[in-house]
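Note that the protein sequences, when read in sequence, are chains B and D. Going by the working numbering, the first sequence opens with residue 1, and the numbers climb by one from there. Going by the working numbering, the second sequence opens with residue 186, and the numbers climb by one from there.
No lab work stands behind these hints, which were simulated from the structure alone. In this text the structure is predicted, and so the values were computed from the model without any measurement. Hints should not be assumed to be uniformly reliable.
[Unchecked claim] Below, a list of computed lysine to any residue pairs in the SDA-like style, where the Cα atoms sit at most 25 angstroms apart:
hint	chain 1	residue 1	chain 2	residue 2
1	B	K63	D	I243
2	B	K63	D	A245
3	B	K63	D	R210
4	B	K63	B	D26
5	B	K63	B	E152
6	B	K63	D	T216
7	B	K63	D	A211
8	B	K63	B	E2
9	B	K63	B	G12
10	B	K63	D	L247
11	B	K63	B	D48
12	B	K63	D	R212
13	B	K63	B	E52
14	B	K63	B	G15
15	B	K63	B	T5
16	B	K63	D	G215
17	B	K63	D	P228
18	B	K63	B	G158
19	B	K63	D	L209
20	B	K63	D	L226
21	B	K63	D	L230
22	B	K63	B	V77
23	B	K63	B	E4
24	B	K63	D	R220
25	B	K63	B	D22
26	B	K63	D	H214
27	B	K63	B	D17
28	B	K63	D	L248
29	B	K63	B	L7
30	B	K63	B	M1
[Claimed, not checked] Some residues of chain B that are not near chain D, with every Cβ distance over 10 angstroms (derived):
hint	residue
31	R3
32	E11
33	T34
34	L70
35	Q122
All C-beta atoms, glycine included, are put in the ideal place defined by N, C-alpha and C.
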Amino acid sequence: MERETELALVEGLRGGDARAFDAIYDAYGARLFTFLARLSRRRDLAEDLAEETWLRLVANAPKLRPDTRLGPWLFAVARNLHVSACRSRLVEESYSASLIGLWPAGAARPSPFEEASAGELQGRLERGLAALPAADREVLLLVGVEGFTPGEAAAICGVTPETLRQRLSRARARLARAIGERCDD
Amino acid sequence: MTEIDRVLSALPVYGPDRTRTARLRARCHGTLRDRSPTRRLEPALVIGACVAYLSGVIQAALLLYGS
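Working from the sequences, and respecting the hints, build out all of it.
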């Protein structure tokens, strides 16, 4: 999104303009949901967290700074909501490694994620990502998938850029290993 | 950009449930309407108009019956 467009949308949102909200939702809605789905590995939780993120955006709209960067703002809120959800619901612990997937365990039909992951590499990537620790997964999703700079990702995760770089390097190595191991299977 | 980042950037984007999205949009529009600066001024304007009207009524009553 162009910076000028972003500034205009923030201004519109601060003034309560529904069209500005729609434009922001069109730009980030699917991306935010996909980020949360891959991060949480649960569609239902991802939908809840995405919804809460958008509600927080509009609730805070009048208080937004005119120079707010919408992407980092939205992803930081979404990421923090996921952390809170993990703490309160023990989501991570509730998942058995054998059931790792991007859909709720025990789903009666193949999930759209699984159907869409028909490509072999893509499927291996999705499974490799899902098997990583959440801290590794989030940095790969933010930098690798969403294209945030390491500095922006560090701000979103609330860590120093140096810590993020180390985490990113470790996560890339783990994912490469996971994909490689699955190739050998 | 590393090889891992390159393949990650090619992963598809998925969408949330459409019905839920429509509901969410409507809810957010409503919240924005309620929180917009114009909307927040409305109660003050209504109260101001009421006070002005009552002042006028009292003034007229005093003029009529006061003397």
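Hint-by-hint comparison with the structure:
Under the criterion of a C-alpha separation no larger than 25 angstroms, the hint pairing B/K63 with D/I243 is inconsistent with the structure, at around 41 angstroms. Restraint check: the Cα-Cα separation between B/K63 and D/A245 comes to about 44 angstroms, which exceeds 25 angstroms; the hinted pair is violated. A C-alpha spacing of about 20 angstroms is found between B/K63 and D/R210, which places the hinted pair at or below 25 angstroms, so the restraint holds. For the given pair, B/K63 sits about 22 angstroms from B/D26 by alpha-carbon distance, which is consistent with the 25 angstroms threshold.
Note on B/K63 and B/E152: the hinted pairing holds, with a Cα-Cα distance of about 21 angstroms set against a maximum of 25 angstroms. About 14 angstroms separates the Cα atoms of B/K63 and D/T216, which keeps this hinted pair within 25 angstroms; it holds. Our distance criterion of 25 angstroms between C-alpha atoms is met by B/K63 and D/A211, whose separation comes to about 21 angstroms. As the CA atoms of B/K63 and B/E2 are separated by approximately 22 angstroms, the hinted pair is consistent with the 25 angstroms bound.
For the hint linking B/K63 to B/G12, the alpha-carbon distance of about 12 angstroms falls within 25 angstroms, and the restraint holds. For the given pair, B/K63 sits about 47 angstroms from D/L247 by alpha-carbon distance, which is inconsistent with the 25 angstroms threshold. Between B/K63 and B/D48 the CA atoms are separated by roughly 23 angstroms; this keeps the pair inside 25 angstroms, and the hint holds. Between B/K63 and D/R212 the alpha-carbon distance is near 19 angstroms, which keeps this suggested pair within the 25 angstroms criterion.
Simply put, B/K63 and B/E52 have alpha-carbon atoms about 17 angstroms apart, close enough for the 25 angstroms limit, and the pair holds. Using a Cα cut-off of 25 angstroms, the hinted pair B/K63 and B/G15 holds, with the two alpha carbons roughly 10 angstroms apart. Proximity of B/K63 to B/T5 is assessed by CA-CA distance (about 19 angstroms); at most 25 angstroms being required, the pair is judged to hold. Restraint check: the Cα-Cα separation between B/K63 and D/G215 comes to about 17 angstroms, which is no more than 25 angstroms; the hinted pair holds.
Of the pairs offered as hints, the one joining B/K63 and D/P228 holds, with about 20 angstroms between alpha carbons and a cut-off of 25 angstroms not exceeded. Our distance criterion of 25 angstroms between C-alpha atoms is met by B/K63 and B/G158, whose separation comes to about 21 angstroms. The suggested pairing of B/K63 with D/L209 holds, with an alpha-carbon distance near 21 angstroms, which does not exceed 25 angstroms. A hinted pair counts as satisfied when its Cα atoms are at most 25 angstroms apart, and B/K63 with D/L226 qualifies at roughly 16 angstroms.
A hinted pair counts as satisfied when its Cα atoms are at most 25 angstroms apart, and B/K63 with D/L230 qualifies at roughly 23 angstroms. Distance hint between B/K63 and B/V77 is fulfilled; the C-alpha atoms sit about 15 angstroms from each other, no more than 25 angstroms. A distance of roughly 19 angstroms separates the Cα atoms of B/K63 and B/E4; the hinted pair therefore holds under the 25 angstroms criterion. For a cut-off of 25 angstroms, the pair hint linking B/K63 to D/R220 stands: about 11 angstroms separates their Cα positions.
At roughly 19 angstroms between alpha-carbon atoms, B/K63 and B/D22 fall within 25 angstroms of each other, so this suggested pair holds. For the proposed pair B/K63 and D/H214, the alpha carbon gap of about 17 angstroms is at most 25 angstroms, so the pair holds. At roughly 14 angstroms between alpha-carbon atoms, B/K63 and B/D17 fall within 25 angstroms of each other, so this suggested pair holds. With a CA separation close to 48 angstroms, the supplied pair B/K63 and D/L248 exceeds the 25 angstroms bound.
In summary, the hint linking B/K63 to B/L7 is supported, as the alpha carbons are separated by about 14 angstroms, within the 25 angstroms threshold. With a CA separation close to 22 angstroms, the supplied pair B/K63 and B/M1 stays within the 25 angstroms bound. The claim that B/R3 lies off the interface holds: its Cβ sits roughly 21 angstroms from the closest Cβ of chain D, which is beyond the 10 angstroms cut-off. Residue placement check: B/E11 keeps its beta carbon more than 10 angstroms from all beta carbons of chain D (closest about 12 angstroms).
The beta carbon of B/T34 sits about 5 angstroms from the closest Cβ of chain D, which is not more than 10 angstroms, so the claim that it is off the interface is violated. At roughly 14 angstroms from the closest C-beta of chain D, the C-beta of B/L70 stays outside 10 angstroms, upholding its exclusion from the interface. A cut-off of 10 angstroms between C-beta atoms contradicts the statement that B/Q122 is not in contact with chain D; the least separation is 7 angstroms.
Hint violations for this structure: numbers 1, 2, 10, 28, 33 and 35, all remaining hints satisfied.
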